[in-house]
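**Q** Residues per chain are reported as follows:
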Amino acid sequence: MNEPATVRDEDERLARERRKIARDGPKLNGAKLEARLGQTWRRPPGILGWLATVDHKEIGRRYIITALLFLAAGGVLALLMRLQLARPDNNLIGAQRYNELFTMHGSTMMFLFAVPVMEGVAVYIIPLMVGTRSTAFPRLNAFSYYMYLFGGLMLWIAFALNIGPDIGWFAYTPLSGPQFSPGKRADIWAQMITFTEVAALAAAVVLFCTILKTRAPGMTLARMPLFAWAMLVVAVMIIFSMPSVALASSMLISDRLVGTQFYNSFEHGDALLWQHLFWFFGHPEVYIIFLPATGFVSVITETFCRRPIFAYPIVVLSLVSTGILAFGLWVHHMFATGLPRVGYSFYTAASMTVAIPTALQIFCWLATMWDGRPRLAVPMLYVIGFIVTFVIGGLTGVIIASVPLDLELHDTYFIVAHFHYVLIGGAVFPLLGIITYWYPKITGRMMSERLGKIDFWMIFLGFQLAFFPMHFAGLLGMPRRVYTYPAGLGLELPNLLSTIGAFVVASAVLLFVVNGIVSLYRGAVATANPWGAASLEWATSSPPPVYNFAHIPVVESRTPLWDMVGELPVVTGLRVDDKEMLLTTVVAATPDVREPVPEPSLWPFIASVAVGIFFISSIFSPWAVVFGAIPSAIALIAWFWPKEIKRHPEPVIS
Amino acid sequence: MRRRAGALVALLPLLGACSYQHYQSAFGNAAVEARQFNILFVIFLVVCATMYLAVIGFLIAGLMRRRRTGNANVIEDRRHHESDPLMRSGLIGWAALVGSGLVALAIASFVADRSMAGAAAHEQLSITLTANQWWWDAQYNAADSSKTFHTANELHLPVGVPVRILLNSNDVIHSFWVPSLAGKQDLIPGRQNDISITPRKVGLFRGQCAEFCGAQHAHMALVVEVESYADFLKWWRHQLQPAPSPATPLALAGYNFVTGRNCSACHAIGGTPAGGTVGPDLTHFASRRSIAAGTMAMSTGNLYGWVADPQALKPGTKMPTIGLEPDQLHAVVAYLETLQ
Amino acid sequence: MIPAPRFTDSVADLPTYKFGPSSLTWWGIIGYMVIEGAAFALAFAAYFFLMGHEQGWPPEGRPPPDLLAGTLFTIVILLSEIPNTMIKRAAEKRDVAAIRALMPVIVGIGALLLLIRAFEFNSLNCRWTDNAYASIIWALLLLHTAHILTDWIDTIVLWMLMRTDLGWEGRRLVDTDENSLYWRYVWLLWLPIYLMIYWVPRL
Amino acid sequence: MSLPFRASLAAVALVALVLGACNREERHSRSKPVGEMVPAGQSPDTIWPGGTQPPPLDPRAALYDNNAPAISEGQFLYSRMNCVGCHAHGGGGMGPALMDDQWRYGGRIDQIAASIAEGRPNGMPSWRAKLTSDQIWKLAAYVRSLSGQPSKDAVGSRADAMSAAPPQTLTPHQPVRPSDTAQQ
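Chains as they are written, first to last, in the numbering used here: chain A, 75 to 728; chain B, 34 to 373; chain C, 419 to 621; chain D, 8 to 191.
Just so you know, these hints were derived from the structure itself, not from any lab. Keep in mind that this is a model prediction, so the values were computed, not measured. Each hint should be verified, as a subset may be incorrect.
Distance condition first, Cα-Cα at most 27 Å in a straight line; then the derived DSS-like pairs of lysine-lysine [to be verified]: (1) A:Lys106 to C:Lys436; (2) B:Lys351 to D:Lys137; (3) B:Lys234 to D:Lys159; (4) C:Lys436 to C:Lys511; (5) C:Lys511 to A:Lys717; (6) A:Lys106 to A:Lys94; (7) A:Lys717 to A:Lys94.
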């Protein structure tokens with residue numbers, strides 16, 4: 075042990091040494107700097123390096139691609155369901171299989187597509203947007219991705235092995251309980267929840283800290299891009315809501331595996347406990363999916379209308395208030411369960427109130443178009459499609475917020491129409507728009523404009539054809555989750571139209587994928603800032619270098635790239651011989667700490683494998699909790715155990 | 034253009050609906066409760082449509098006002114932070130408009146809700162409806178227990194008489210929903226819910242379980258016949274009668290099989306040894322309109338099919354495929370058809 | 419093209435670690451505290467939700483858990499805050515020697531707590547399969563035990579770490595600081611659980 | 008890019024590995040015609056003369072033995088056919104206990120099915136006329152599960168009812184003694 079005389083002396087020695095270290099700045103910049111940074115930040119080559127990477131851009135890309143693959147898979151299930159429902163008393167798909175189909179469709183879309191894809195986009199773009207070199211906790215970020223991947227694979231492999239869940243994505247007890255769901259189908263579903271919760275919560279913490287602590291100097295909260303604001307709110311919502319479903323599904327598993335009585339109303343439990351816990355998560359979930367999309371819309375509108383979003387503070391406030399209100403609405407999923415009627419009125423009021431912030435946001439976007447010079451490029455078309463479609467969904471939402479109306483419409487195809495208008499119109503349209511928008515930044519090439527426009531119209535019209543008739547199917551008395559319906563109720567026509575529309579949408583999505591793949595090789599090469607946008611992710615090359623920015627930019631307004639005169643102000647002095655990022659203060663974003671960035675490591679991957687084995691085996695034996703926890707603990711310790719101090723004078727945690 | 038397409042799509046199913054006499058439609062308007070729904074729905078529809086038109090109008094105006102063509106992405110120097118003062122007042126106006134609209138709707142909804150609760154006060158007929166996977170057991174309650182009886186998958190209600198239906202479940206959560214009469218109410222094991230209905234139209238209405246309840250959720254329907262008070266009394270008295278004894282030798286053979294063999298393990302038939310409680314009560318089975326909770330219409334052919342192989346027609350139903358010999362099948366069907 | 423840089427000031431002299439809200443890990447830990455706090459809050463809600471339906475609590479006139487083990491546990495965990503605070507202070511004063519001296523104490527206390535906890539499970543007077551009441555109190559106790567266990571292991575690892583040269587690194591002091599913070603959180607969580615398991619059934 | 012490829016590869020491998028091991032979950036809505044299932048000369052659900060070694064296991068056993076839906080439907084019948092009346096929830100009462108390792112008439116599923124179908128002396132009625140062979144086999148599968156015979160992955164922990172017995176997922180496995188497979 076070489077104990078120094080005192081810590082003070084040690085500090086002075088370090089301070090002296092520091093002066094010698096190579097840092098970016100006037101003396102060291104341009105190609106020379108970029109070469110050295112590239113050297114420092116590159117990840118080890120080969121398959122191991124691929125697994126060990128902590129680069130937020132790689133992880134974000136994997137997140138997005140995986141989520142889109144799950145979207146495709148879930149879409150295929152939807153087509154199968156539409157085929158079965160194309161005509162009355164159809165026998166194409168049996169009851170059991172159909173129940174598995176809609177369970178898989180719902181679970182895949184909610185847990186394996188919608189939330190992860192938003193997180194993926196954020197993980198990729200947020201660090202660029204706030205002008206830093208890495209996310210906070212990049213290893214946790216990698217871990218989050220692998221947990222998500224394994225959860226999804228488990229669900230789909232189980233489905234392929236005919237152990238797919240058949241209890242609906244909401245898994246109401248007692249139907250999902252030990253007596254009425256024999257076998258392991260329900261456990262597979264519940265454990266998939268655990269996987270995706272762990273992943274989503276990790277990603278939420280990563281984004282939360284990245285947005286609060288790593289913003290470029292001068293990017294005060296009041297200058298933060300609206301997408302960053304949306305993701306900040308979403309991260310907090312995830313942190314508060316997802317523990318609820320994790321708790322509920324753990325209780326379900328223990329009911330099924332070790333005979334606890336949480337949901338058994340004959341042993342002082344209560345079947346409704348599940349619904350309360352599930353919807354306390356389930357309703358915020360909808361906004362967790364929707365708010366990032368509003369961020370997309372703000373980004374696109376700003377760029378293509380050449381105007382900062384109108385009434386920025388109002389938009390921020392409505393994001394925050396939506397996030398808060400979302401936790402007060404869950405009971406409106408339970409209007410038919412016979413809870414006290416008077417209590418319902420409160421939730422009706424709350425459910426209607428949540429429409430106000432959204433309405434204000436919509437006004438702000440429209441006002442931005444009014445003020446600006448809108449250009450109808452493909453991303454902008456998707457924004458228009460978003461408004462035309464989402465507003466319908468929002469208004470039907472107001473309709474079903476009313477108790478007397480909901481009692482008729484609840485669990486009918488009217489609801490199916492409503493939430494597809496909200497989720498596809500409100501989240502998927504902006505997502506497609508933002509993919510087109512950020513595609514050049516991610517790949518360095520532009521997507522085909524012509525194909526893009528055809529595609530938009532196919533998706534948009536196909537969607538209306540598929541889902542508008544469902545409103546009528548519901549009003550004509552078609553309940554959800556039925557694998558067939560009798561002739562003579564007037565349901566034939568709406569269902570047929572929906573099926574046709576579904577196939578139009580599917581082919582359009584296929585075209586989108588084709589466009590994406592072709593443009594990857596044939597697309598026009600993109601400049602650093604092809605859209606002439608205002609935010610920092612466009613201040614670096616497309617695709618960005620592994621270290622994102624050669625110098626950390628300084629922000630002086632809400633639209634830095636529009637307001638800079640000629641040159642972009644930057645701060646200097648980060649190490650180039652070692653991975654380092656700049657921490658700033660939470661509100662004012664003044665430089666605070668030079669944070670060493672962890673090296674690439676295999677341990678996050680190994681840990682996720684260990685935890686995965688732990689989770690899956692605990693479906694089959696309660697003892698897995700014991701023997702599964704040990705390897706997980708070892709992996710986590712190895713993950714956090716720092717290497718020997720090899721780089722004086724500034725040892726780096728890694 | 035896109036909205037015209039939407040309207041077109043909207044129209045077609047509507048026509049399809051009108052041609053159909055609201056057998057299972059929420060617009061059936063056949064009870065006080067359903068009427069409440071219709072009025073309220075129209076109010077909401079009008080308000081929401083107005084809001085929607087406002088948004089779309091503003092959208093089109095905003096897009097057309099200073100639309101750019103071509104691919105130039107330049108920003109207008111030092112003007113890109115300006116905004117039309119009109120918009121500031123517009124924002125306030127918009128907030129006020131949306132707020133007041135929502136308040137109006139909330140009040141309308143609340144009033145409707147209260148008035149329904151009020152209607153529930155004084156019922157004159159009480160029915161206990163118990164849901165099973167996947168059929169409905171109905172018990173018509175009466176003060177004197179000899180006057181209570183069971184029937185299944187078919188309710189008869191007198192027009193204009195407030196009826197209170199008590200809702201229980203024997204297994205999982207189901208939901209009672211007859212769209213033309215009233216909104217839905219869940220049947221939850223270990224809890225008792227209830228729903229009040231005051232029919233205002235004579236007619237035949239179909240209902241269906243509205244909460245996913247397992248494999249055959251799609252085949253868990255029930256028929257509600259609303260009839261004049263006299264007809265209802267006639268039906269009610271008839272239901273109290275035991276099953277008629279078999280007349281023909283074939284029916285007698287069927288009687289012997291039904292009461293002596295598998296059937297009686299699950300089904301009860303009033304006035305016979307058959308006293309099972311697992312399946313629907315068959316006392317007046319043949320007088321009902323459908324077989325197996327709305328899976329198929331009551332007809333000799335369907336009855337043959339159902340008795341011969343229920344698992345083929347409603348896979349997973351609790352009723353087993355017994356594998357009857359042809360003569361047994363003939364006899365059983367013959368007997369069942371006497372259960373008027 | 420990428421905009422040309424205009425060099426403003428330099429961050430070269432900023433520290434590479436700070437305590438409290440300036441540290442990234444502090445925010446991370448707060449994040450996870452909130453997550454677990456939410457889970458516990460919902461478990462509490464479930465507890466009172468189930469209790470709400472009942473005439474008697476525990477139902478069916480079962481005896482409530484015996485007080486001895488739980489109370490003992492509460493006293494010990496409250497006392498453990500003394501060495502915990504000392505470690506926190508030492509970390510902020512960057513007094514590595516003191517940390518090395520105190521770590522074994524807190525680890526020992528953790529071991530003792532786990533031992534007492536074993537007896538607690540025996541003094542609940544019910545099995546988790548008996549009814550929902552039994553299930554929920556077992557769940558609460560297990561959830562908390564999981565936290566004790568993980569933080570105990572975490573502390574051992576940190577102790578080992580501090581005894582190496584790495585202990586001299588500033589970031590380790592931050593870790594120690596935040597480990598103490600987390601321990602505070604764990605015993606704060608215990609107090610409501612103690613009341614719900616041992617005293618609410620006696621009301 | 009290579010990730011989805013790798014993922015699908017893993018999926019395919021796993022499918023190949025575990026496929027066929029999964030009739031645990033398959034729902035059989037009706038029994039196959041007896042002719043298909045049972046070798047000629049051996050009638051289903053019957054007692055063979057005492058003393059002699061029992062014939063090989065009835066092939067139908069495979070359909071019911073570790074089949075989760077079958078066991079669960081057996082549980083439904085067990086309560087609805089009022090087996091509880093005599094055997095309680097496996098603990099036994101007027102009739103013998105079913106949770107222990109004592110099998111008077113054999114602990115093999117086809118032997119249990121035979122006992123249910125034919126009835127036994129001292130009060131066990133014959134169910135052949137009341138239940139189909141499919142139902143009887145499902146009942147037998149459940150009865151067998153009461154003594155922890157089938158794999159723990161196929162049984163449910165508890166019913167949604169008053170908890171009368173410890174969770175089946177935790178009941179210790181009671182091996183069927185060879186003497187029990189022979190007839191007494």
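**Q** Take the hints in turn and mark each one as holding or not.
**A** Structure-based check of each hint:
1. Straight-line distance between C-alpha atoms of A:Lys106 and C:Lys436 comes to about 32 Å, which puts the hinted pair past the 27 Å bound.
2. At roughly 14 Å between alpha-carbon atoms, B:Lys351 and D:Lys137 fall within 27 Å of each other, so this suggested pair holds.
3. Distance restraint check for B:Lys234 and D:Lys159: the Cα-Cα separation of roughly 55 Å exceeds the 27 Å cut-off, and the hinted pair is therefore not satisfied.
4. Of the supplied pair hints, the one linking C:Lys436 and C:Lys511 holds, its CA atoms being roughly 12 Å apart against a limit of 27 Å.
5. Distance hint between C:Lys511 and A:Lys717 is fulfilled; the C-alpha atoms sit about 24 Å from each other, no more than 27 Å.
6. Distance hint between A:Lys106 and A:Lys94 is fulfilled; the C-alpha atoms sit about 18 Å from each other, no more than 27 Å.
7. Among the hinted pairs, A:Lys717 with A:Lys94 is consistent with the structure: their alpha-carbon atoms are about 23 Å apart, no more than 27 Å.
Hints 1, 3 from the list above are not met by this structure, while the remaining hints are.
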